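Using the sequences and the accompanying hints, generate a full structural model.
Sequence lines, in order, name chains A and B.
Every position in the first sequence, counted from 1, becomes a number in our numbering once 1 is added.
Every position in the second sequence, counted from 1, becomes a number in our numbering once 14 is added.
It cannot be assumed that every hint is accurate.
[As the list claims (entries may be wrong)] Which bits of chain A does chain B cover? Going by a derived footprint, with three or more residues having C-beta under 8 Å, they are: (1) 31-39; (2) 47-54; (3) 281-294; (4) 358-365.
[As the list claims (entries may be wrong)] Restraint-style ranges between C-beta atoms, simulated for each label pair: (5) B:A47 with A:G349: 53 to 59 Å; (6) A:K311 with B:N99: 26 to 32 Å; (7) A:A418 with B:A97: 44 to 50 Å; (8) B:A47 with A:A251: 41 to 47 Å; (9) B:E35 with A:Y379: 40 to 46 Å; (10) B:E53 with A:L21: 57 to 63 Å; (11) A:A88 with B:G62: 44 to 50 Å; (12) B:A87 with A:G349: 48 to 54 Å; (13) B:V70 with A:Y379: 34 to 40 Å; (14) B:N93 with A:Q402: 29 to 35 Å; (15) A:N101 with B:E98: 37 to 43 Å; (16) B:D79 with A:N101: 32 to 38 Å.
No lab work stands behind these hints: they were computed from the structure.
Quick caveat: nothing in here was measured; it's all calculated off a predicted structure.
Where is the CB? At the ideal position from N, CA and C, for every residue including glycine.
Here is how the chains run, residue by residue.
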Amino acid sequence: MARPSDPTRFTLAEAREALLSKAISARELAQAHLDAIAQARPLNAFITETSDHALALAAQSDARIAAGEARLLEGLPLAIKDLFCTAGVRTTAASRILDNFVPTYESTVTRNLWNAGAVLVGKTNLDEFAMGSSNETSYFGPVTNPWRARGRNDDLVPGGSSGGSAAAVAAHLALAATGTDTGGSIRQPAAVTGVVGLKPTYGRCSRWGIIAFASSLDQAGPLTRSVRDAAIMLKAMASIDPKDSTSVDAPAPDYEADLETGIAGLRVGIPQEYRIEGAPAEIYELWSRGAEWLKAQGAEIVEVSLPHTKYALPAYYIVAPAEASSNLARYDGVRYGHRASGVDDLMGLYERTRAEGFGREVKRRIMIGTYVLSAGYYDAYYLRAQKVRTLIARDFEEAFQRCDVMLTPATPCAAFAIGAKTADPVSMYLNDVFTVTVNLAGLPGISVPAGLSHDGLPLGLQIIGKAFDEPAVLRAGRAIERAADFKAAPQAWWRAS
Amino acid sequence: MAVDRETVRRIARLARLAVDEDQVVAMEVELNALLSWVEQLQEVNVEGVAPMTSVVAQRLKMREDVVTDGGCADDLMANAPVAENHFFVVPKVVE
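Structural data, given as structure tokens:
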């Protein structure tokens with residue numbers, strides 16, 4: 002493996018090869034990323050940097066490599082969304098209420114990554130409790146997208162909620178990152194920062210030790226700079242875990258193995274209802290081009306219908322806040338996290354602690370969730386939304402009789418300016434219109450960078466698969482990647498020259 | 015269905031969120047905007063449709079009924095805002 006002048010230019014797969022062939026040491030690789038992180042503070046991609054920890058882990062990796070005992074991710078620098086509990090490393094969920102929380106335990110997913118030899122470079126910024134589509138609800142301030150529109154200097158959002166992870170991968174601050182996806186929080190930021198984002202099937206990765214938002218929708222997955230890297234990361238993140246009763250009891254296959262076998266004969270569905278009003282023409286032009294690319298590689302394109310698509314977002318904004326209001330009841334200022342001072346009654350302590358500790362969007366969702374679960378409204382809202390969810394999942398089941406995967410746009414627009422959509426929650430929620438159906442139905446989806454908007458910003462295409470058919474999703478994603486040959490990269494404006 | 019200010023105060027109480035009057039007014043507007051947006055779900059025919067309870071067809075797994083964890087009181091107390099001898103301390107609740 003030839004060594005590039007800047008080791009942060011490696012993909013995960015290339016860095017693995019370079020380490021094993023001893024073209025570079027794990028310590029050099031870690032140091033290069035730590036230097037890049039130190040130069041990228043204007044992006045605000047990290048809440049906590051872990052440089053000492055990273056160098057110590059890298060030294061261990063070098064010893065392992067020298068002894069011929071390298072593991073799957075030996076010596077590879079990764080960024081972790083600050084929603085995964087990391088033992089001894091502060092974990093905040095980007096909320097004031099967990100500002101000082103240092104877990105004494107490790108999430109299953111991160112445990113798997115460290116057991117595979119990966120090196121933690123830092124914990125990435127996100128929307129508070131993963132509630133947002135632009136990374137603007139973080140207590141630690143917004144993340145700035147490494148990309149800027151052609152000829153402009155406006156700061157753009159990186160998408161959300163895994164905005165710090167997406168920015169870190171796009172700006173080459175880590176080889177790959179973890180994210181979580183409840184309504185689009187991996188795929189949407191990946192699309193608007195020009196990286197690959199994979200949301201696995203519900204239950205593929207353990208949720209144990211991930212700070213809960215909406216438990217029936219949350220799923221961990223990787224953000225990477227290539228489809229192959231996503232395959233490598235998913236294999237390392239997934240495991241059979243008795244600590245999460247909703248995680249699947251089947252071992253993860255080797256996703257890399259048949260990545261290059263092509264898509265001849267693959268039936269690719271084009272859901273008609275994804276042609277929504279108001280999205281710019283370039284989104285649909287890219288979608289058509291994507292279908293042509295897949296067809297040219299031997300896929301069969303079929304039109305399919307998902308009739309309940311338009312009800313997915315409203316159903317989501319009942320189900321997710323309902324589950325969130327329940328999950329976030331644990332933050333009471335008694336056992337961990339922020340506690341209001343100068344309150345002398347218990348109810349007042351709870352109410353003031355939560356009023357001070359949660360930001361506006363989180364409060365909004367707790368209020369909605371509490372309302373739709375309250376006596377007299379449960380049937381009208383929550384139960385009805387869960388029935389609509391059944392219909393959405395049924396739509397997919399029926400459509401998958403006629404196709405193997407589906408191709409859709411990943412987002413309805415490219416990255417927008419910081420502050421542009423914060424005044425109107427519903428317009429912000431619409432960013433997830435193409436991704437949220439997949440969470441409601443528990444399916445796997447990948448966003449792959451596929452082209453640039455009229456003003457030079459990245460756009461993604463999404464592949465949706467059947468439950469646990471990540472291999473087909475990755476193969477089709479690889480076919481998009483191969484045809485798109487996406488080489489554009491942001492200018493490193495954030496570096497002090 | 016729309017919420018009024020009294021309902022906002024009641025929901026905030028249920029959610030254990032202290033809200034001042036300015037916030038009550040703002041939340042009333044925000045909640046009503048969201049509730050009118052989700053109102054479109056009323057037009058879906060859900061007659062005879064079972065509510066979703068499990069998104070991926072899977073049997074809930076069972077494990078041996080044995081103790082697998084414990085003996086970690088120090089860990090449990092490590093992040094407590096106020097603690098005394100492995101007890102969480104809260105304001106007095108009985109006179």
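Hints and how they fare:
1. 31-39: violated (count 0)
2. 47-54: Not satisfied, violated; 0 residues make the cut.
3. 281-294: Since three or more residues must qualify, the claim that chain B covers the stretch 281-294 of chain A is violated, with 0 doing so at under 8 Å.
4. 358-365: holds (count 3)
5. B:A47 with A:G349: 53 to 59 Å: violated (30 Å)
6. A:K311 with B:N99: 26 to 32 Å: With a Cβ separation near 57 Å, K311 of chain A and N99 of chain B fall outside 26 to 32 Å, so the hint is violated.
7. A:A418 with B:A97: 44 to 50 Å: Holds: the Cβ-Cβ distance is about 46 Å, inside 44 to 50 Å.
8. B:A47 with A:A251: 41 to 47 Å: holds (43 Å)
9. B:E35 with A:Y379: 40 to 46 Å: Given range 40 to 46 Å: violated, Cβ gap about 28 Å.
10. B:E53 with A:L21: 57 to 63 Å: holds (58 Å)
11. A:A88 with B:G62: 44 to 50 Å: Between A88 of chain A and G62 of chain B, where Cβ atoms are some 49 Å apart, the hint holds.
12. B:A87 with A:G349: 48 to 54 Å: violated (28 Å)
13. B:V70 with A:Y379: 34 to 40 Å: violated (24 Å)
14. B:N93 with A:Q402: 29 to 35 Å: violated (50 Å)
15. A:N101 with B:E98: 37 to 43 Å: Given a distance of about 19 Å, which is not inside 37 to 43 Å, the answer is violated.
16. B:D79 with A:N101: 32 to 38 Å: holds (37 Å)
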